[in-house]
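**Student:** Now for the letters of each chain:
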Amino acid sequence: MRVEATIPDSRGSAVEELAEELGLSRSQIIDEALSLFVKAVLEVRRGRRLQTVDPQNAQATCELVTPTLAALEWALRPGKLELPEAAVGKMHEMMAAPAKPSARLRAAAKRRR
Amino acid sequence: MTRRIGPGDPACGFRCGKHALDDYFARHALPNDQAGIGRAYVWEASPEETDRGLPAVLGFYTLSMATVVSADIASAVSTKLPRYPVPAALIGRLAVDERARGRRLGEKLLIDALSRVVSAAETIGCLGVIVDAKDEDAQAFYSKYDFVTIAAETWPRRMFLSIDVARAAFAQG
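Protein chains in written order, with this note's numbering: chain B, 1 to 113; chain L, 1001 to 1173.
Hints listed in this document are in silico derivations from the structure and should not be mistaken for laboratory results.
Keep in mind that this is a model prediction, so the values were computed, not measured.
Each hint should be verified, as a subset may be incorrect.
Computed cross-link-like contacts, BS3-like style, restricted to lysine-lysine with a CA-CA straight-line distance of at most 27 Å [claimed, not checked]:
no.: 1; chain 1: L; residue 1: Lys1144; chain 2: B; residue 2: Lys110
no.: 2; chain 1: B; residue 1: Lys100; chain 2: L; residue 2: Lys1108
no.: 3; chain 1: L; residue 1: Lys1134; chain 2: L; residue 2: Lys1018
no.: 4; chain 1: L; residue 1: Lys1134; chain 2: B; residue 2: Lys90
no.: 5; chain 1: B; residue 1: Lys80; chain 2: L; residue 2: Lys1134
no.: 6; chain 1: L; residue 1: Lys1144; chain 2: B; residue 2: Lys100
no.: 7; chain 1: B; residue 1: Lys110; chain 2: L; residue 2: Lys1108
no.: 8; chain 1: L; residue 1: Lys1144; chain 2: B; residue 2: Lys90
To spell it out: a stretch of chain L is covered by chain B in this simulated footprint if at least three of its residues, at any positions, have a beta carbon under 8 Å from a beta carbon of chain B; those stretches are [stated by the list, open to error]:
no.: 9; segment: 1086-1099
no.: 10; segment: 1106-1114
no.: 11; segment: 1135-1142
no.: 12; segment: 1145-1156
All C-beta atoms in this analysis are idealised placements derived from N, C-alpha and C, irrespective of residue type, glycine included.
All chains, full assembly: derive it from the sequences and hints.
**Tutor:** Structural data, given as C-alpha cells:
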C-alpha cells in the first residue's frame, strides 16, 4: 500500500537523517514507526502505560506519550456524573444549538495558537 | 506552556490561598495522575521567576473523562426516549499560585485545558467540557469564557461548554 501524509518539516528531516544513519529506506522507517504506534495504542487500550527502562537498575526513566495516547489513556476510566434532569436537558440544548464562541474566548484561543 | 505533573512538583511550595486546592495539589494530584484517575498539568515557572522566589509551579489543572447521566429516576422510566449518556471532559480543579496573580495565568491554563480537550475529541467521544465552580469568583471566571451554569442549586456550580463552541474558538479565521 502506498500512503501519503503531511508531516512537519522537522519530522521529515529527522526521518531522512535516520534513514541515512541507519541505512534504511524511508518506507522501512515509517513502516516500523507505524507498527510501534499500533502496538502502543493496543497497550494503552489494555490500560497499560509505556515507559523506557534503564537496564542498569530496571528503573523507569520516562513515560512515552503522544497527544493521541494521552487522550486514549484518560478516556479509559470515565467517571459517572449524575446531574439533575434539568441540567442534563440544558446540556442537550446547548449541544443541539451551540452558540458562537464569544469574542473573549476566541481571542484567548487565538493567543494560544 | 504546561507539562504533565512530575515527582518534584507537589513539594514545590505551590499555594493558591484555598486550602482544599493547595492540599489537593500537595497530596493527591500526582498519585491521581499516576493512577490514571485524573491527569494533572502544571504551568512551570521560568528560571528567572524561580530566582525571584516564585515556586516552580505557578498553576495547575486536572482533566478527566466523565459520562453524564440524569440522576432523575423518573426520566429513566418515563415514556419519552431516554437521553443518551453524554461523554464529557471534566476540569476538576484549576488554580493559580497567589504570588503569580495578575498575569492571566488562569486564562492560559483554561485555554490550555480546552486545547487538550479539543485535540482529544478528534480521537475519542467527547461532547463538551464540565467545570465545577467552587465559589462565585470561579463561576464569574468561567462565565467569561462561555461556560454556562447548568446546575445552579448547589455548590460547586456545575458549568458546561459544548465541544462545538470550544472547537470553533480554536478554528482559524
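**Student:** Does each hint hold? Answer for all of them.
**Tutor:** Hints versus structure:
1. Lys1144(L) x Lys110(B): Distance of about 16 Å is within 27 Å: holds.
2. Lys100(B) x Lys1108(L): holds (21 Å)
3. Lys1134(L) x Lys1018(L): Holds - the C-alpha atoms of Lys1018(L) and Lys1134(L) are around 10 Å apart, at most 27 Å.
4. Lys1134(L) x Lys90(B): holds (20 Å)
5. Lys80(B) x Lys1134(L): Distance ~20 Å between Lys80(B) and Lys1134(L) Cα, so the pair holds.
6. Lys1144(L) x Lys100(B): Judged against 27 Å, a Cα distance of about 14 Å means the pair holds.
7. Lys110(B) x Lys1108(L): holds (11 Å)
8. Lys1144(L) x Lys90(B): Holds, at about 19 Å.
9. 1086-1099: Check passed, 4 qualifying residues.
10. 1106-1114: holds (count 6)
11. 1135-1142: With 0 residues close enough to chain B, the hint is violated.
12. 1145-1156: holds (count 6)
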